[in-house]
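Asker: Here's the letter readout for the chains.
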Amino acid sequence: DVKVTQSSRYLVKRTGEKVFLECVQDMDHENMFWYRQDPGLGLRLIYFSYDVKMKEKGDIPEGYSVSREKKERFSLILESASTNQTSMYLCASLQDRGRYGYTFGSGTRLTVV
Amino acid sequence: QKEVEQNSGPLSVPEGAIASLNCTYSDRVSQSFFWYRQYSGKSPELIMSIYSNGDKEDGRFTAQLNKASQYVSLLIRDSQPSDSATYLCAVTGTSGTYKYIFGTGTRLKVLA
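Chains as they are written, first to last, in our numbering: chain A, 1 to 113; chain B, 114 to 225.
Everything labelled a hint here was simulated from the structure, so no lab data went into it. From the three backbone atoms N, C-alpha and C, an ideal C-beta is built for every residue, glycine too. Hints are not guaranteed to be accurate.
To be verified - Some residues of chain A that are not near chain B, with every Cβ distance over 12 Å (derived):
1. Glu30
2. Ser65
3. Thr83
Stated by the list, open to error - Cross-link-like lysine-lysine pairs, in silico, DSS-like; alpha carbons within 27 Å at most:
4. Lys212/B to Lys180/B
5. Lys55/A to Lys180/B
6. Lys222/B to Lys57/A
7. Lys180/B to Lys18/A
8. Lys18/A to Lys70/A
9. Lys212/B to Lys71/A
Isolated chain A, as found in the complex (with noise of 0.2 Å):
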């Protein structure tokens, strides 16, 4: 089974803190995403990524950057944490284009206070 790890369950942060969300997947898959999760809201993409070194804008980027150095990490960067960035972080990865599902992580839910 293709697993996708993210590094964090809960974390907590300070308002202004540089945060780092990491996610790694071992199947080799191409497309990696990240996506927040807010109650009512469902899931909004932020960034998603198809290659090494390649990202595209999701749905809502503002606040956020991604980093790909290699295939199997996709990490998400919150430049200065706000209140506003307080949800559940969602990693997924998709072994093929259409054909299959995402799988997702596990989730990381950030607090920022």
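Fit chain B to the known structure of chain A by using the hints.
Answerer: Okay, now just chain B, sitting in the frame of chain A:
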């Protein structure tokens, strides 16, 4: 704006009944359709995928797709309390098909 719509629920069914979850989508070129189950506080887990019109069965789950009417549904037979979760519908979008569009989910409650 391409959309996927689901009734937020909660949908309450008695244990042993059939739960029927529905999803409509707006993009006619969507080709692949997925159902995810998400327990409270957990991440989504893929339970069904369907690509062709008609029914696809996997154990107690049946996915139904009607591309002409642009809807996809999930039937859960013999519902169990452990099926209580939020069910997310996802469809492939038009831009290279790797950016999927998710509905906001339907919360299912199976009453013992």
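Asker: Next, verify each hint and record whether it holds.
Answerer: Now for the hints, and whether the structure bears them out:
Annotated as non-interface, glutamate 30/A brings its C-beta within 12 Å of a C-beta of chain B; the closest such distance is 9 Å. Under the 12 Å C-beta cut-off, the non-interface status given to serine 65/A relative to chain B holds; the minimum distance is some 19 Å. Non-interface call for threonine 83/A relative to chain B: holds, since the shortest CB-CB distance, roughly 21 Å, exceeds 12 Å. As the CA atoms of lysine 212/B and lysine 180/B are separated by approximately 19 Å, the hinted pair is consistent with the 27 Å bound.
Between lysine 55/A and lysine 180/B, the direct Cα distance comes to roughly 31 Å. Violation of the 27 Å bound is thereby established for this hinted pair. Restraint check for lysine 222/B and lysine 57/A: not satisfied, since their Cα atoms lie roughly 36 Å apart, outside the 27 Å limit. Proposed proximity of lysine 180/B and lysine 18/A is contradicted: the alpha carbons are some 45 Å apart, above 27 Å. Of the supplied pair hints, the one linking lysine 18/A and lysine 70/A holds, its CA atoms being roughly 21 Å apart against a limit of 27 Å.
For a cut-off of 27 Å, the pair hint linking lysine 212/B to lysine 71/A stands: about 18 Å separates their Cα positions.
Of the numbered hints stated above, those contradicted by the structure are hints 1, 5, 6 and 7, listed in ascending order.
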